[in-house]
Amino acid sequence: MNYNKFVREVEKGKIAPVYLFEGEEDYLKEEALKMLKGKVISPEYEDFNYEVLPAAEISDIQIMESLSILPFKGRWRLVVIKEIDKLARKAQKAIGEYLDRPVKSTCLVCTAKKLDKRTKFYSLFLERGKVVSFRPLWDEEALTWIRERVEKKGKKIALEAAVYLLEKIGNDLHSLDNEIEKLAVFVHPDQLVGVEEVRKVAGEGKGEGVFGLTKAIREKDLAKAFFILSQLGEEGEDPLRIHSLIVREIRILLRLKEKEKSISPYQACPIIFSQKKFYPKFYQDIAAEYIQAAKKFTLRELIKGYERLLETEISIKTGREDPNSAMEKLVLNLLTPHPL
Numbered sequence: 001m002n003y004n005k006f007v008r009e010v011e012k013g014k015i016a017p018v019y020l021f022e023g024e025e026d027y028l029k030e031e032a033l034k035m036l037k038g039k040v041i042s043p044e045y046e047d048f049n050y051e052v053l054p055a056a057e058i059s060d061i062q063i064m065e066s067l068s069i070l071p072f073k074g075r076w077r078l079v080v081i082k083e084i085d086k087l088a089r090k091a092q093k094a095i096g097e098y099l100d101r102p103v104k105s106t107c108l109v110c111t112a113k114k115l116d117k118r119t120k121f122y123s124l125f126l127e128r129g130k131v132v133s134f135r136p137l138w139d140e141e142a143l144t145w146i147r148e149r150v151e152k153k154g155k156k157i158a159l160e161a162a163v164y165l166l167e168k169i170g171n172d173l174h175s176l177d178n179e180i181e182k183l184a185v186f187v188h189p190d191q192l193v194g195v196e197e198v199r200k201v202a203g204e205g206k207g208e209g210v211f212g213l214t215k216a217i218r219e220k221d222l223a224k225a226f227f228i229l230s231q232l233g234e235e236g237e238d239p240l241r242i243h244s245l246i247v248r249e250i251r252i253l254l255r256l257k258e259k260e261k262s263i264s265p266y267q268a269c270p271i272i273f274s275q276k277k278f279y280p281k282f283y284q285d286i287a288a289e290y291i292q293a294a295k296k297f298t299l300r301e302l303i304k305g306y307e308r309l310l311e312t313e314i315s316i317k318t319g320r321e322d323p324n325s326a327m328e329k330l331v332l333n334l335l336t337p338h339p340l
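For the sequence shown, the positions run 1 to 340 when the UniProt record's numbering is used.
It is worth saying that the hints were derived from the structure and are not from the lab.
The reader is advised that the hints may include incorrect statements.
[What the hints assert, rightly or not] The following label-pair restraints were derived from C-beta to C-beta distances:
1) 310 to 221: 17 to 27 Å
2) 56 to 119: 14 to 24 Å
3) 72 to 14: 20 to 30 Å
[As the list claims (entries may be wrong)] Simulated pairs of lysine-lysine, DSSO-like, Cα-Cα distance not exceeding 30 Å:
4) 113 to 215
5) 117 to 5
6) 117 to 37
7) 34 to 93
8) 317 to 329
9) 114 to 90
10) 281 to 224
11) 317 to 215
12) 215 to 259
13) 117 to 329
14) 130 to 152
15) 12 to 113
16) 114 to 104
17) 220 to 281
18) 281 to 296
19) 329 to 259
20) 317 to 93
21) 261 to 281
22) 114 to 5
23) 120 to 317
The beta-carbon is built from N, C-alpha and C at its ideal position, and this holds for glycine as well.
Start from the sequences and build out the full structure, keeping to the hints where you can.
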């Protein structure tokens with residue numbers, strides 16, 4: 001299930017005995033955990049009924065002891081094991097055995113950025129618990145999140161300003177939330193947050209970000225793409241996350257290329273953005289840019305590019321190539337007429 005479905009279930013009081021929070025979006029993981037904690041743990045008994053265990057430092061015996069403790073003056077005890085991909089083999093086995101017979105009064109939450117879906121350990125969570133996916137938000141999802149977050153602060157933000165903020169900060173929700181907090185203080189309660197207000201508060205940002213890279217690829221600007229890719233490497237951005245967003249970009253361009261003679265900006269919106277009943281003009285303007293970008297590529301280039309993306313993913317995941325070098329070669333192959 002995704003974050004939104006998890007929220008709906010918890011709001012209805014549907015609490016599972018075991019959760020796996022998996023994915024790279026740590027901010028939403030923290031929000032989900034905060035919400036779950038607020039639902040099942042009374043603040044006055046938190047010291048007794050809430051425990052966080054770092055996976056790299058605990059043994060199988062410590063895990064079983066913690067999970068078997070009964071709650072103090074409450075229905076639930078909440079136990080969080082962070083980064084379970086770092087668990088020792090014995091500790092993994094202990095959790096596997098626990099999943100066969102979870103304690104009814106304990107809610108276990110395990111977190112991991114990435115867990116091998118081919119393993120029996122992962123399958124156990126699918127069969128006997130609830131797996132909640134926390135992937136990074138796509139650009140249109142991040143825009144919706146920004147606008148909703150600003151509204152929670154009692155403000156309203158123009159769509160153009162939300163896009164500007166996303167372009168300057170990127171889709172790291174911790175950083176975005178920090179800038180939104182500043183905007184809430186900076187902007188008058190009755191004032192609409194516009195591009196100028198965002199520019200004053202957020203400045204120029206730390207760099208172009210992943211979306212700057214995908215835009216450079218879309219525009220076939222090799223020099224800019226290499227510059228931003230280098231920036232992202234210095235900032236410690238995960239190459240596989242960058243790769244996933246490039247996959248999405250090429251997939252969009254490929255679908256638009258196949259229909260470029262007959263598709264309108266409005267018709268292109270569902271391909272680029274999430275499904276909506278209506279797409280405002282600003283979305284259609286972005287779609288028009290995508291249609292023009294697709295015309296810069298031949299169909300063969302996009303198909304070949306998609307094949308290169310698959311090859312690069314395998315090379316990175318199998319350790320055949322250094323991730324950063326593989327990404328540099330990928331960008332070069334996508335944007336040059338005579339790829340390597």
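Here is how each hint holds up against the structure:
Here the CB-CB span from residue 310 to residue 221 is close to 24 Å, well matched to the stated 17 to 27 Å. Between residue 56 and residue 119 the Cβ separation comes to about 18 Å, which falls inside the hinted range of 14 to 24 Å. Against the hinted window of 20 to 30 Å, the Cβ-Cβ separation of residue 72 and residue 14 comes to about 24 Å, which satisfies the hint. Taking the CA atoms of residue 113 and residue 215, the gap is near 26 Å; set against the 30 Å cutoff, the hint holds.
For the hint pairing residue 117 with residue 5, the CA-to-CA distance comes to about 21 Å; that is within 30 Å, so the pair holds. Restraint check: the Cα-Cα separation between residue 117 and residue 37 comes to about 27 Å, which is no more than 30 Å; the hinted pair holds. Under the criterion of a C-alpha separation no larger than 30 Å, the hint pairing residue 34 with residue 93 is consistent with the structure, at around 28 Å. Pair hint residue 317 plus residue 329 holds up; C-alpha atoms about 16 Å apart against a cutoff of 30 Å.
For the suggested pair residue 114 and residue 90, the alpha carbons sit about 20 Å apart, so the restraint of at most 30 Å is met. Distance check on the hinted pair: residue 281 and residue 224 sit about 28 Å apart at the alpha-carbon level, within 30 Å; holds. For the hint linking residue 317 to residue 215, the alpha-carbon distance of about 25 Å falls within 30 Å, and the restraint holds. A hinted pair counts as satisfied when its Cα atoms are at most 30 Å apart, and residue 215 with residue 259 qualifies at roughly 20 Å.
In summary, the hint linking residue 117 to residue 329 is supported, as the alpha carbons are separated by about 28 Å, within the 30 Å threshold. Between residue 130 and residue 152 the alpha-carbon distance is near 29 Å, which keeps this suggested pair within the 30 Å criterion. Our distance criterion of 30 Å between C-alpha atoms is met by residue 12 and residue 113, whose separation comes to about 27 Å. Of the supplied pair hints, the one linking residue 114 and residue 104 holds, its CA atoms being roughly 27 Å apart against a limit of 30 Å.
A distance of roughly 25 Å separates the Cα atoms of residue 220 and residue 281; the hinted pair therefore holds under the 30 Å criterion. Between residue 281 and residue 296, the direct Cα distance comes to roughly 23 Å. Compliance with the 30 Å bound is thereby established for this hinted pair. A distance of roughly 29 Å separates the Cα atoms of residue 329 and residue 259; the hinted pair therefore holds under the 30 Å criterion. Between residue 317 and residue 93 the alpha-carbon distance is near 25 Å, which keeps this suggested pair within the 30 Å criterion.
Simply put, residue 261 and residue 281 have alpha-carbon atoms about 21 Å apart, close enough for the 30 Å limit, and the pair holds. Restraint check for residue 114 and residue 5: the C-alpha separation of about 20 Å stays at or below 30 Å, so the hint holds. Annotation: proposed proximity of residue 120 to residue 317 holds, straight-line Cα distance about 19 Å (limit 30 Å).
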